[in-house]
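Enquirer: Sequence:
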Amino acid sequence: KRDIMQTVAPAGPMYQAGTLSGNPLAMAAGLATLRVLLESLLRNSDSTAATDQDVVHLANWSAAEPQAVEIPFMPARVILQDFTGVPALVDLAAMRSALQRLGHDPKKIEPLIPADLIVDHSIQVDHHAGREALAANMRLEFDRNRERYEFLKWGQQAFKTVQIIPPGMGIIHQVNLEFLARGVCRGEKDGRPVAYPDSVVGTDSHTTMINGLGIVGWGVGGIEAEAVMLGQPIYMLLPKVVGVRVSGSLPAGATATDIALTVTHILRKKGVVNQFVEFFGPGLNAVSLPDRATIANMAPEYGATMSFFPMDQESIDYLRRTGRPAAQVDLVERYCKHQGLFRTNDQQEVLFTETLDLDLNRIEPCLAGPKRPQDRIPLADTGKAFVQSLSAPLDQRGFNLAADKLDRRVHIQTSQGSCELRHGSIVIAAITSCTNTSNASVMLAAGLLAKKAIERGLSVPSHVKTSLAPGSRVVTSYLQSTGLLPFLEQLGFHVVGYGCTTCIGNSGPLAQEISSAITSSELVAAAVLSGNRNFEGRINPHTRANFLASPPLVIAFALAGRVDIDLTREPLGRDRDGRPVTLQELWPTEQEMRAMISEADRSFHYETVYQDLNALVPEWQAVVGQDGDLYHWRSNSTYIQEPPFFLNQTTAGLQPILNSRVLALFGDSVTTDHISPAGSIAKDGPAGRYLLSLGVPQQEFNSYGARRGNDRVMVRGTFANVRLKNLLVPGVEGGVTLHLPDGERMWIYDAALRYRQEEIPLIILAGKEYGTGSSRDWAAKGTRLLGVRAVIAESFERIHRSNLVHMGVLPLQFRPGECIQTL
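The numbering of the sequence shown is the working numbering, which starts it at 1 and goes up by one.
Bear in mind the hints are in silico, worked out from the structure with no lab data behind them. For clarity, every value in this text was computed on a predicted model and none was experimentally measured. Any given hint could be a false lead.
Listed next, with one range per pair, are the computed distances between beta-carbon atoms [as the list claims (entries may be wrong)]:
#, residue 1, residue 2, range
1, E150, S516, 34 to 42 Å
2, P741, A402, 28 to 36 Å
3, G130, S62, 31 to 39 Å
4, S693, R146, 21 to 29 Å
Only pairs whose alpha carbons sit at most 30 Å apart, straight line, appear in this in silico BS3-like list of lysine-lysine [said to hold, decoys possible]:
#, residue 1, residue 2
5, K405, K452
6, K337, K384
7, K725, K269
8, K725, K384
9, K107, K189
10, K107, K153
11, K768, K240
12, K405, K384
13, K768, K725
14, K189, K405
15, K108, K405
16, K270, K725
17, K269, K384
18, K768, K384
19, K270, K337
20, K337, K240
21, K189, K160
22, K108, K189
23, K108, K160
24, K384, K270
Note that beta-carbon positions come from the ideal geometry of N, C-alpha and C, so glycine has one too.
I would like the entire structure built from these sequences, with the hints used as guidance.
Expert: Dropping the structure here:
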């Protein structure tokens, strides 16, 4: 180890760095991802966090079959969003309260690792299709969430290393990509300045987006993030590393979104859960940094821990384009080249656990849906696939409609005129999510398509709720400077907020006449969005079919007003002269795109937006929080309560699980959205009834995500997703179960209470991919508070499995060939 520590001088000060290039320990077989892990171990191996033996384990990594040993990882920083960040800060506040009760100094609970909390999950699309929408939605956001925001203000002053980036600035991963990420960090070791690779973990599964910039990072649960903030490493098994050899270039008409959806389909089918994915090959020269970030963003959808693109000249150019200081960019370039972390065209191929090929020449326009992001559909097949899904069985991702219900239609009167709704009618069209709004090429394509549509006299049908929610204010800046924003607005795509909105289920209410018609006629209405997830019940309670698509395709489908259409052959509308207009006629040319991208790539946009994080949001400056080291809990609060995890602690030790009952029985692909929904709270469910009993009117329920600082609401909302399918109650959707052995049907929460009174431990049985989706730790916390002691499934997603372990719930896996049916 001593032999590979040397001094390097990158552009100015002397920085100590663990040199990897050309050293035997750099085995890491040349893999960029493992090199970064190795550097972390070397730098920390003289501490209590890591040992020389950990270095040896990683140095002996085998591509064929990595050893089943754990190594620690010490990330440089932590990022959080407010739905997961508020409960994390609530836990830290509760730890301080517990320490004080024990007679210790509460300030001993102090994060040692820098943490940025970006408030992006709370804004909802209540207002849309008007220039007042942004201001109106932000006003409602601050009214609904004032207590939470006051708590965050307390947290920022109580914890020295916590920075809050206020609401209205953008989405966590886009802000991380455009502003927070450093590429290389600076610190001090043994009294000398040290340079080391930037790395991050985040309380959001799409933290992997930063892998597109050559930075190691992934999503973790809130409990793991709290441990990292307090100076503890993350422990992980030596990973398998799958290489994806990229060749060719993207054909005309295809977008980065199409690459991401194709990769998601391929890798989910291949099976890369708990594995690193590393992209390499000559085709990377044709993949821009924003395109890489789009692909990396969706790593959770295909199950990978990371989806990594090594640092190269495109990465350096992006740092410059986004206004990073010149000295910092120079340090990143020199450091990465010195450490062998810089990709070049003449780089030799290395040995991966497995190597796959991705030919960009074969990418074609596509969507994913109607229920899962890995279910890719070529654009030409979308209409046919949707029609087939109407009658397909539920276990084949269909809607199981009877033949006499397939042709239902209903005429309604809206504020903009009369219209017809039927199966496949689009009622939500949303340009949303950091996955795509971070990518100027697809945003400009959407703007150009809107411009051509307006010039032909096209409009969006009145039953479509349109919205534009950029992942940062930079997007609005370049859409204004290119002159494209007015055309988007003329189609109803006004900016509704700078946050996650529709992608996480904050799509807001549909017009009453539309939602009533959908419900009464049992229509399979559709949403088309540029998001990264479309799980059942996530986007909106009234959209049973949800399709992921690129921003320009969102515009195209909004114009068509329905998903049962082949946009490669059928016109999406008629112009003012009655002539059919096809998608091909509206699609931007390469020349048009190049002219717009040169304007969007100016560093001016980034420097202007990020020069003062608070100045653009005066509403945040007006929020006043508590002062002091301790948070003063309010017994009447419905948003922030001291959690029970540090109250009345016992040390009874491990106890056997005897005579347990099955609380719920699930099939495959039960997501964390199913387990702990983030969206609206139903008034007739346990959580809604509880809030009503406290005098909270339904219009002030807010969302489950906003209530995560209150365990009393969240435990009642566990397994409350309206599309949950508990096989103990076949044919019924929602959070209900059978109490055994009497067979009485009731809410899952009510059944758990009765079992607790009967002193009966609980288990859950499930199929494959249990816990896919968001990193939300409340999916594990709620499970534990219901009294569940173990979950037995055919397979688990990485983050949820870890969260269950941290909450003391056993994640047990069936042996290969065994499942619920074989019991």
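Enquirer: Hint by hint, which ones does this structure get wrong, listed from lowest number up?
Expert: Numbers 3, 5, 6, 14, 15 and 19 - these are the hints that the structure violates, sorted from lowest upward.
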